[in-house]
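Top line first, the protein sequences correspond to chains A and B. Per full-length UniProt numbering, the very first residue in the first sequence carries number 1; after that it's consecutive. Per full-length UniProt numbering, the very first residue in the second sequence carries number 1; after that it's consecutive.
Be careful, since some hints might not be right.
[Stated by the list, open to error] Keeping only pairs whose Cα atoms sit at most 35 Å apart, straight-line, the calculated DSBU-like set for lysine-lysine is:
#1 A:142 <-> B:155
#2 B:155 <-> A:155
#3 A:42 <-> A:5
#4 B:42 <-> B:53
#5 B:5 <-> A:155
#6 A:53 <-> B:53
#7 A:142 <-> B:142
#8 A:53 <-> A:5
#9 B:155 <-> B:142
#10 A:42 <-> A:53
#11 B:53 <-> B:5
#12 B:5 <-> B:42
#13 A:155 <-> A:142
These are calculated hints, taken from the structure and not from any lab test.
2 protein chains.
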Amino acid sequence: MLTAKGAATRQRIVEGAALLVRDRGVANVGLDDICAATATSKSQLFHYFPDGKADLMLAVVRYEAEQVITDQLPQLADLTTWRNWQAWRRRVIQIYDAQRAACPLRALTTQLGTADPATREVVEGLTDTWAAYLAAGVQALKDAGEIDPRIDVQKTANAILAAVTGGATLLQSTNRLSYLEDALTEALDNMRRPRNQYVAGGG
Amino acid sequence: MLTAKGAATRQRIVEGAALLVRDRGVANVGLDDICAATATSKSQLFHYFPDGKADLMLAVVRYEAEQVITDQLPQLADLTTWRNWQAWRRRVIQIYDAQRAACPLRALTTQLGTADPATREVVEGLTDTWAAYLAAGVQALKDAGEIDPRIDVQKTANAILAAVTGGATLLQSTNRLSYLEDALTEALDNMRRPRNQYVAGGG
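Bound conformation, chain A alone:
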């Protein structure tokens, strides 16, 4: 267990390392750079990260994964009304519009390689956490009678998460925001439409 002071030092190192990595990429950041940027000695750094850079980079991956959720708060944690879903949608578009090609987590995991089981575990954990927040929001609308009671909560949450992910991926590869906007609009509107009603002839 770390003391409060120890935890604060560790966090300072992780956040400093994250900023450097965002700026220069994993390959171009050494432990000396991180010590200098965070006013930490090498022995302090190894105290918190006994395996050195690999250890620290995994902590940075965890930090960046937390940021993905934190950036969406408080909206993501309060998807209890249709109005709040719209506020979350605006927040997500604002985040990715500002980031453009530079999603820090994706850049980092690409550089580290997703084959590493510890990195994969963090990304899977983020996916689960994100989907769980969305599912809680879909469930809240269902409980409030604002959407069709026949809706499948998990499938709907997965589809909304895929809309964000796909919109962000297409934004990064084309620099166009419209995919994210259209995907989120359609996924959220779809949630509000009655189930099992199709246009005549579409059977």
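Dock chain B against the given chain A, drawing on the hints supplied.
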């Protein structure tokens, strides 16, 4: 202009290089490897690719982008009925299920870096082509009266493309197929639902 024979030789080099790159990654494939694998001399290779490896890798990017579309044919080019949309959906899931973590185009553009304007142009061209096929399919259903005439064709096509992209991205990062399945099911079902009809209370 290349002669038919010249075009065939060039194509053989590109396809051979693509296989090597899929297998080993850009950094681990040299021009000698490509010459050996495609039974080509160095001077032949430079005849078709005067700037050498960079030139050839861009041709491989173009080839892999074409493959993304080709893999989805004939289904993608014939989205004229609801039944055909379902066949395309099954085909897409089959493709990404087989690829899992290994989408060749994404791996390649990640290795080359998407900052390169020529690479970006290929990726944007692929996105446009793909969206145009989907839009043609949405328009066909609209013309046939199978979906609501008020539907916005381009926004719907964008949302479906984002569903595929997001589902594939989540599959690659979590190795779970359910995001792609759920995202496609929801996006296609959504297309068939009447516009502007929401569950009461959801206003």
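Hints, verified against the model:
1. Between residue 142 of chain A and residue 155 of chain B the alpha-carbon distance is near 26 Å, which keeps this suggested pair within the 35 Å criterion.
2. In summary, the hint linking residue 155 of chain B to residue 155 of chain A is supported, as the alpha carbons are separated by about 21 Å, within the 35 Å threshold.
3. For a cut-off of 35 Å, the pair hint linking residue 42 of chain A to residue 5 of chain A stands: about 18 Å separates their Cα positions.
4. For the hint pairing residue 42 of chain B with residue 53 of chain B, the CA-to-CA distance comes to about 11 Å; that is within 35 Å, so the pair holds.
5. Restraint check for residue 5 of chain B and residue 155 of chain A: the C-alpha separation of about 51 Å exceeds 35 Å, so the hint is violated.
6. Between the alpha carbons of residue 53 of chain A and residue 53 of chain B the distance comes to roughly 33 Å, so the proposed pair stays at or under 35 Å and holds.
7. Taking the CA atoms of residue 142 of chain A and residue 142 of chain B, the gap is about 30 Å. The hint holds against a cut of 35 Å.
8. Restraint check: the Cα-Cα separation between residue 53 of chain A and residue 5 of chain A comes to about 22 Å, which is no more than 35 Å; the hinted pair holds.
9. For the suggested pair residue 155 of chain B and residue 142 of chain B, the alpha carbons sit about 14 Å apart, so the restraint of at most 35 Å is met.
10. Proposed proximity of residue 42 of chain A and residue 53 of chain A is supported: the alpha carbons are some 11 Å apart, at most 35 Å.
11. For the suggested pair residue 53 of chain B and residue 5 of chain B, the alpha carbons sit about 22 Å apart, so the restraint of at most 35 Å is met.
12. The suggested pairing of residue 5 of chain B with residue 42 of chain B holds, with an alpha-carbon distance near 18 Å, which does not exceed 35 Å.
13. With a CA separation close to 14 Å, the supplied pair residue 155 of chain A and residue 142 of chain A stays within the 35 Å bound.
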